[in-house]
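Novice: Going left to right, the sequence shown walks through residues 310 to 996 as the working numbering numbers them.
If you're looking for bench data, these hints aren't it; they were derived computationally from the structure.
Since we're looking at a predicted model, the values are computed, not measured.
Treat the hints with care, as some may be off.
Claimed, not checked - Pair ranges (Cβ atoms, derived):
no.	residue 1	residue 2	range
1	Arg-847	Arg-718	40 to 50 angstroms
2	Gly-525	Asp-637	33 to 43 angstroms
3	Lys-992	Asp-637	52 to 62 angstroms
4	Ser-385	Thr-928	52 to 62 angstroms
Cβ atoms here follow ideal geometry from the backbone N, Cα and C, with glycine treated the same way.
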Amino acid sequence: MTAHHAPAPPPSGSSAAALAALLTADRPLTWVTAGDSVAQGARWTAGERDYAQILEERVRYELARHRDVFARTAVSGWRARDVADTLARITRLAPDVVSLGVGLNDAKLGPDHLADFSRTLREVIARLRSAGALVLLQLPNPVRPDAPPEQIAPLPDFVEAMREAGQATGSVVVDHYTPWLRAGDGWAPARWMGDSTHPNGRGHRVMAGAILRAAGAWDDASECCALGTAATPRPVPASRDQKGPPVTTRRYAVCGLSNRGLAAFVHPLMGLTGGRLDGVLGYGGAGDDLSGHGTVVALVDSDRQRVEEFNGQLRAAGVGELPFHSPDGFDRMLGELAPDAVIVASPDHTHEAYIVAALARGVDVITEKPMVSTAAAARSVLRAESASSARVKVTHNLRYARTHRVIKRMILDGSIGSVTRVTLDYHVDLRHGASYFSRWNRQRAHGGLAVHKCCHHFDLVSWLVGQEPLEIFGYGALNYYGPRSPHRPQQATASGQPEPDPYLRELRATGQLTDDGGQEPRTGLFGLHYAEQYPADRPMYIYDDEIDIEDTYSAVVSYAGGASLAYSIDFSSTWEGYRLGISGTHGSIEMLHGRGLDGEPLPGSDTVVLAPLFGERSTVHVDAPRGEHAGADPEMRRDLFVEQSAESRELGLAASSLEGAWAVALGEGLWRSVVEHRPVGVKELLD
Numbered sequence: 310m311t312a313h314h315a316p317a318p319p320p321s322g323s324s325a326a327a328l329a330a331l332l333t334a335d336r337p338l339t340w341v342t343a344g345d346s347v348a349q350g351a352r353w354t355a356g357e358r359d360y361a362q363i364l365e366e367r368v369r370y371e372l373a374r375h376r377d378v379f380a381r382t383a384v385s386g387w388r389a390r391d392v393a394d395t396l397a398r399i400t401r402l403a404p405d406v407v408s409l410g411v412g413l414n415d416a417k418l419g420p421d422h423l424a425d426f427s428r429t430l431r432e433v434i435a436r437l438r439s440a441g442a443l444v445l446l447q448l449p450n451p452v453r454p455d456a457p458p459e460q461i462a463p464l465p466d467f468v469e470a471m472r473e474a475g476q477a478t479g480s481v482v483v484d485h486y487t488p489w490l491r492a493g494d495g496w497a498p499a500r501w502m503g504d505s506t507h508p509n510g511r512g513h514r515v516m517a518g519a520i521l522r523a524a525g526a527w528d529d530a531s532e533c534c535a536l537g538t539a540a541t542p543r544p545v546p547a548s549r550d551q552k553g554p555p556v557t558t559r560r561y562a563v564c565g566l567s568n569r570g571l572a573a574f575v576h577p578l579m580g581l582t583g584g585r586l587d588g589v590l591g592y593g594g595a596g597d598d599l600s601g602h603g604t605v606v607a608l609v610d611s612d613r614q615r616v617e618e619f620n621g622q623l624r625a626a627g628v629g630e631l632p633f634h635s636p637d638g639f640d641r642m643l644g645e646l647a648p649d650a651v652i653v654a655s656p657d658h659t660h661e662a663y664i665v666a667a668l669a670r671g672v673d674v675i676t677e678k679p680m681v682s683t684a685a686a687a688r689s690v691l692r693a694e695s696a697s698s699a700r701v702k703v704t705h706n707l708r709y710a711r712t713h714r715v716i717k718r719m720i721l722d723g724s725i726g727s728v729t730r731v732t733l734d735y736h737v738d739l740r741h742g743a744s745y746f747s748r749w750n751r752q753r754a755h756g757g758l759a760v761h762k763c764c765h766h767f768d769l770v771s772w773l774v775g776q777e778p779l780e781i782f783g784y785g786a787l788n789y790y791g792p793r794s795p796h797r798p799q800q801a802t803a804s805g806q807p808e809p810d811p812y813l814r815e816l817r818a819t820g821q822l823t824d825d826g827g828q829e830p831r832t833g834l835f836g837l838h839y840a841e842q843y844p845a846d847r848p849m850y851i852y853d854d855e856i857d858i859e860d861t862y863s864a865v866v867s868y869a870g871g872a873s874l875a876y877s878i879d880f881s882s883t884w885e886g887y888r889l890g891i892s893g894t895h896g897s898i899e900m901l902h903g904r905g906l907d908g909e910p911l912p913g914s915d916t917v918v919l920a921p922l923f924g925e926r927s928t929v930h931v932d933a934p935r936g937e938h939a940g941a942d943p944e945m946r947r948d949l950f951v952e953q954s955a956e957s958r959e960l961g962l963a964a965s966s967l968e969g970a971w972a973v974a975l976g977e978g979l980w981r982s983v984v985e986h987r988p989v990g991v992k993e994l995l996d
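When you get a sec, could you build the whole thing from the sequences and use the hints?
Specialist: The following block contains the structure:
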């Protein structure tokens, strides 16, 4: 057996000071990590370094203590009694410092075990101290709401017993429990957890930061310490300790104070649910109050005036203002406020920068569709997510519409056999369509409509058929808008358009144009000006020369499972909606969803027809809500901000970053096919 140095005398005085003094000793030290599966560190870190490895790197390499020895005796499933029964494994190493982490498995035994646990823990610490070791006592991390109930209720009492034991025995107590509760509003932050009980790689980095601070080894300039930068602590609501019900409140930073960002996210999360329902855009009147499940902590937008106007509305309503941050300060905001997630609802071409920066800091992302505006940006997001402990959710809300859930269930139940082909004929009415061509969507550099709008439909079909898209071939043209429009009046300009202009009345009805002679910036929903995006001195008109996208498409998409899609869309129709047909080896499904220019549903709208190949046709009329994308948005928000439903898990309603990337690639592939006159592969764009 290798000879070891003689044990140092038990530390006296402040344990933390004694530990700091050890780090300056001119002899090698022996460090031992003991305890349970969290101390063991394997499996749930997914290959990332655990807290013991980060501590070793800091001590041996950054502090140049190259001769120090690091050992680990931790075993998954162990309790304090297991450590006590095998203490010789530790003491024979003559340790100078023992990092001891237990408690999670002990709590599962229930409150009747608490007294025995406390006695055993104090016995272990006393024996380690008598062997010359200083003890770093790791209070356990909290758990998530889905942890075993028998573990949740007793855990706070076991943590307090550990805290008292550490203080009574002169140990260095490292409190992971309290800061994690603050960061997770009464629970372990989901972004720090590998499962309901065990920290993931990011969680271990946060734990390492706490250990390094307690050990007197913290240095702001250290790369190892930078790994352990924890979230900003927040007060724990008294009603949300781990003895209470599993209510989770997360903190969100919203990027982009757009119509969509306000209506779909900011207003519901702030409980401002009395807004108007816009009959043209289909959203704006969110009736669900989610303020008990989430808090908006920051607004990130390039338009300070728009944010100030919104804060003025909040003041008038007696609601506290929200902090403003510019895009340049986004990363600093992440570091200072440490939100649990960011919501990206800014123009499509700005999504990538926000998503990648958030993932780099381990912050979850909820992003509006399209996920990004180009396939190259989608590749960037996929790479960033694979290197991060955080995840991206894409709000492809059409999956949540009641009619689509009915159809998806029919397909999963085998009602039409294996899907062979799909037809989707989509119409955007002339008011809605014209609005896109007086906004940023009208330029390819900003993503264009093949990505911005068609991604909705490509994702819907990929999800319904349950197959990966492979290739797209398409045709397209600019038929209604732009300088060569057959509807363009002579000498038309964005202000003072000469009559007659067939689109003018509809544009003014939607607020896209006003009668103020171009003196005021454009406003959107809720009366907020777009002073930066649409300034009064730079009006946009649907016949402008700079429009460089198409307004009509037809395409064919092939899928890995053998299905195909025949898709078409135009952006100046007499009605809004679509006809959907799905054929399979044993039958077909048909559906119409649409409304006229008066906003009234078309005859037969939202009726699903199931026609078995050898059987009787049947119809299912779905009572689809009006507005909020046929009721899809409230369902999606509950999935995102409250709890994912059993139906959502069964049907796969939540869209992943990869599925978001497929939709973007198909959109880009569509316009590339139009321009380059060739089929375009999805992998060609994403690999």
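Novice: Within 52 to 62 angstroms: is that where the Cβ-Cβ distance between Lys-992 and Asp-637 falls?
Specialist: violated, 35 angstroms
Novice: Does 52 to 62 angstroms hold as the CB distance between Ser-385 and Thr-928, or does it fail?
Specialist: holds, 55 angstroms
Novice: Is the distance from the Cβ of Gly-525 to the Cβ of Asp-637 consistent with 33 to 43 angstroms?
Specialist: holds, 36 angstroms
Novice: A range of 40 to 50 angstroms was offered for this pair. Does it hold for the Cβ distance of Arg-847 and Arg-718?
Specialist: Distance hint for Arg-847, Arg-718 holds at roughly 49 angstroms.
Taken one by one, the earlier hints fail for this structure only at number 3.
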